[in-house]
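Engineer: Chain by chain, the residues run as shown.
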Amino acid sequence: RKEVEQDPGPFNVPEGATVAFNCTYSNSASQSFFWYRQDCRKEPKLLMSVYSSGNEDGRFTAQLNRASQYISLLIRDSKLSDSATYLCVVNWFSGGYNKLIFGAGTRLAVHP
Amino acid sequence: EAQVTQNPRYLITVTGKKLTVTCSQNMNHEYMSWYRQDPGLGLRQIYYSMNVEVTDKGDVPEGYKVSRKEKRNFPLILESPSPNQTSLYFCASSPEREAAYEQYFGPGTRLTVT
Numbered sequence: 696r697k698e699v700e701q702d703p704g705p706f707n708v709p710e711g712a713t714v715a716f717n718c719t720y721s722n723s724a725s726q727s728f729f730w731y732r733q734d735c736r737k738e739p740k741l742l743m744s745v746y747s748s749g750n751e752d753g754r755f756t757a758q759l760n761r762a763s764q765y766i767s768l769l770i771r772d773s774k775l776s777d778s779a780t781y782l783c784v785v786n787w788f789s790g791g792y793n794k795l796i797f798g799a800g801t802r803l804a805v806h807p
Numbered sequence: 168e169a170q171v172t173q174n175p176r177y178l179i180t181v182t183g184k185k186l187t188v189t190c191s192q193n194m195n196h197e198y199m200s201w202y203r204q205d206p207g208l209g210l211r212q213i214y215y216s217m218n219v220e221v222t223d224k225g226d227v228p229e230g231y232k233v234s235r236k237e238k239r240n241f242p243l244i245l246e247s248p249s250p251n252q253t254s255l256y257f258c259a260s261s262p263e264r265e266a267a268y269e270q271y272f273g274p275g276t277r278l279t280v281t
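Order-wise, the sequence lines are chains X and L.
Counting from 696, one number per residue, gives the positions in the first sequence under this note's numbering.
Counting from 168, one number per residue, gives the positions in the second sequence under this note's numbering.
No wet-lab data here; the hints were simulated from the structure.
We treat Cβ as the ideally placed atom computed from N, Cα and C, and that holds for glycine.
Just so you know, not all the hints are guaranteed correct.
Now the stretches of chain L that chain X is said to cover, found in silico as 3 or more residues with beta-carbon under 8 Å [claimed, not checked]:
no.: 1; stretch: 206-220
no.: 2; stretch: 268-276
DSSO-like mimics (lysine-lysine), calculated; alpha carbons at most 30 Å apart, straight line [what the hints assert, rightly or not]:
no.: 3; chain 1: L; residue 1: K238; chain 2: L; residue 2: K224
no.: 4; chain 1: L; residue 1: K184; chain 2: L; residue 2: K238
no.: 5; chain 1: L; residue 1: K232; chain 2: X; residue 2: K737
no.: 6; chain 1: X; residue 1: K697; chain 2: X; residue 2: K737
no.: 7; chain 1: X; residue 1: K794; chain 2: L; residue 2: K224
no.: 8; chain 1: X; residue 1: K697; chain 2: L; residue 2: K224
no.: 9; chain 1: X; residue 1: K774; chain 2: L; residue 2: K184
no.: 10; chain 1: L; residue 1: K224; chain 2: L; residue 2: K185
no.: 11; chain 1: L; residue 1: K236; chain 2: L; residue 2: K224
no.: 12; chain 1: X; residue 1: K774; chain 2: L; residue 2: K236
no.: 13; chain 1: L; residue 1: K185; chain 2: L; residue 2: K232
no.: 14; chain 1: L; residue 1: K238; chain 2: X; residue 2: K697
no.: 15; chain 1: L; residue 1: K238; chain 2: X; residue 2: K774
no.: 16; chain 1: X; residue 1: K740; chain 2: L; residue 2: K236
no.: 17; chain 1: L; residue 1: K185; chain 2: L; residue 2: K236
no.: 18; chain 1: L; residue 1: K185; chain 2: L; residue 2: K238
no.: 19; chain 1: X; residue 1: K737; chain 2: L; residue 2: K238
no.: 20; chain 1: L; residue 1: K236; chain 2: X; residue 2: K697
no.: 21; chain 1: X; residue 1: K737; chain 2: L; residue 2: K185
no.: 22; chain 1: L; residue 1: K232; chain 2: X; residue 2: K774
no.: 23; chain 1: L; residue 1: K224; chain 2: X; residue 2: K774
no.: 24; chain 1: X; residue 1: K774; chain 2: L; residue 2: K185
no.: 25; chain 1: L; residue 1: K184; chain 2: L; residue 2: K232
no.: 26; chain 1: X; residue 1: K697; chain 2: X; residue 2: K740
no.: 27; chain 1: X; residue 1: K740; chain 2: X; residue 2: K794
no.: 28; chain 1: X; residue 1: K697; chain 2: L; residue 2: K184
no.: 29; chain 1: X; residue 1: K794; chain 2: L; residue 2: K232
no.: 30; chain 1: L; residue 1: K224; chain 2: X; residue 2: K737
no.: 31; chain 1: X; residue 1: K737; chain 2: X; residue 2: K794
A few chain L residues that don't get close to chain X, going by computed Cβ distances all over 10 Å [said to hold, decoys possible]:
no.: 32; residue: V181
no.: 33; residue: N195
no.: 34; residue: E237
Work the whole structure out from these sequences, hints included.
Structural biologist: Below, the structure written as structure tokens:
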């Protein structure tokens with residue numbers, strides 16, 4: 696089983712749609728969770744951290760379900776500029792230090 | 168402007184010809200790391216450094232070397248590149264000493280080894 700799993704997509708949605716991505720992780724001891732955004736051929740950039748109580752940033756809402764070990768990202772009112780790959784990232788304590796494990800990403804394509 | 172820079176951005180080379188990819192950050196970050204990204208796989212960590220002169224292996228260190236002689240620079244060295252090292256490489260830095268926090272990535276280096 697992969698440490699962090701995501702549906703690769705692509706998710707093709709019209710402008711204005713609501714779309715949700717899920718991500719599962721295997722290490723129940725993970726403490727930090729993030730969503731990164733990666734545009735085609737560009738570097739990943741932090742979109743938002745994911746907190747236990749869930750958090751919202753404008754049109755973006757992140758949720759964490761520790762019992763089921765999954766994280767979700769909801770995008771409301773999709774814009775063309777939201778087209779990108781969304782990476783689920785989980786921290787991992789191994790060998791005496793924390794590191795980040797990246798999912799392979801979910802691709803979103805928003806069309807007019 | 169706060170940033171992580173990498174050079175070169177694109178490189179095509181032949182098997183066995185030593186190369187170095189430079190990475191530099193101007194944010195005074197302690198933590199730096201190298202990743203490779205391949206289709207269908209997440210970013211995989213090659214090496215990381217928590218401070219000057221402190222480096223350690225990540226998940227896929229074979230065939231790579233690094234050094235951290237100064238806080239701002241963290242070059243990646245391929246002593247004898249092979250075709251399976253064809254990949255997209257990212258350098259990253261973080262203000263914290265461990266990687267459990269936000270990382271800032273360089274623009275990437277696309278390497279092709281023939």
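Engineer: None of the hints should be skipped; say for each whether it holds.
Structural biologist: Consistency of the hints with the structure:
1. 206-220: holds (count 8)
2. 268-276: holds (count 7)
3. L:K238 to L:K224: 18 Å, holds
4. L:K184 to L:K238: 27 Å, holds
5. L:K232 to X:K737: 24 Å, holds
6. X:K697 to X:K737: 24 Å, holds
7. X:K794 to L:K224: 12 Å, holds
8. X:K697 to L:K224: Answer holds: K697 of chain X to K224 of chain L is near 20 Å, not above 30 Å.
9. X:K774 to L:K184: Given that 30 Å is the threshold and the Cα spacing comes to 45 Å, the pair is violated.
10. L:K224 to L:K185: Since the Cα atoms of K224 of chain L and K185 of chain L sit roughly 20 Å apart, the hinted pair holds (cutoff 30 Å).
11. L:K236 to L:K224: Distance of about 17 Å is within 30 Å: holds.
12. X:K774 to L:K236: Violated, at about 44 Å.
13. L:K185 to L:K232: The given pair, whose Cα atoms are some 11 Å apart, holds under the 30 Å limit.
14. L:K238 to X:K697: 33 Å, violated
15. L:K238 to X:K774: 40 Å, violated
16. X:K740 to L:K236: 27 Å, holds
17. L:K185 to L:K236: With Cα atoms ~20 Å apart, K185 of chain L and K236 of chain L stay inside 30 Å; holds.
18. L:K185 to L:K238: 24 Å, holds
19. X:K737 to L:K238: At roughly 25 Å apart (the allowed maximum being 30 Å), K238 of chain L and K737 of chain X satisfy the hint.
20. L:K236 to X:K697: Violated: K236 of chain L and K697 of chain X sit about 35 Å apart, past 30 Å.
21. X:K737 to L:K185: The given pair, whose Cα atoms are some 26 Å apart, holds under the 30 Å limit.
22. L:K232 to X:K774: 42 Å, violated
23. L:K224 to X:K774: Since the Cα atoms of K224 of chain L and K774 of chain X sit roughly 40 Å apart, the hinted pair is violated (cutoff 30 Å).
24. X:K774 to L:K185: 44 Å, violated
25. L:K184 to L:K232: 14 Å, holds
26. X:K697 to X:K740: This hinted pair holds, its Cα atoms lying about 22 Å apart.
27. X:K740 to X:K794: Roughly 17 Å separates the two Cα atoms, so the pair holds.
28. X:K697 to L:K184: 34 Å, violated
29. X:K794 to L:K232: OK: K794 of chain X and K232 of chain L at ~19 Å, within 30 Å.
30. L:K224 to X:K737: Roughly 25 Å separates the two Cα atoms, so the pair holds.
31. X:K737 to X:K794: 22 Å, holds
32. V181: The claim holds: V181 of chain L sits with its nearest Cβ about 24 Å from chain X, beyond 10 Å.
33. N195: 19 Å, holds
34. E237: Consistent with the label, E237 of chain L stays out of reach of chain X, its closest Cβ about 22 Å off (over 10 Å).
When each numbered hint is compared with the structure, violations occur for hints 9, 12, 14, 15, 20, 22, 23, 24, 28.
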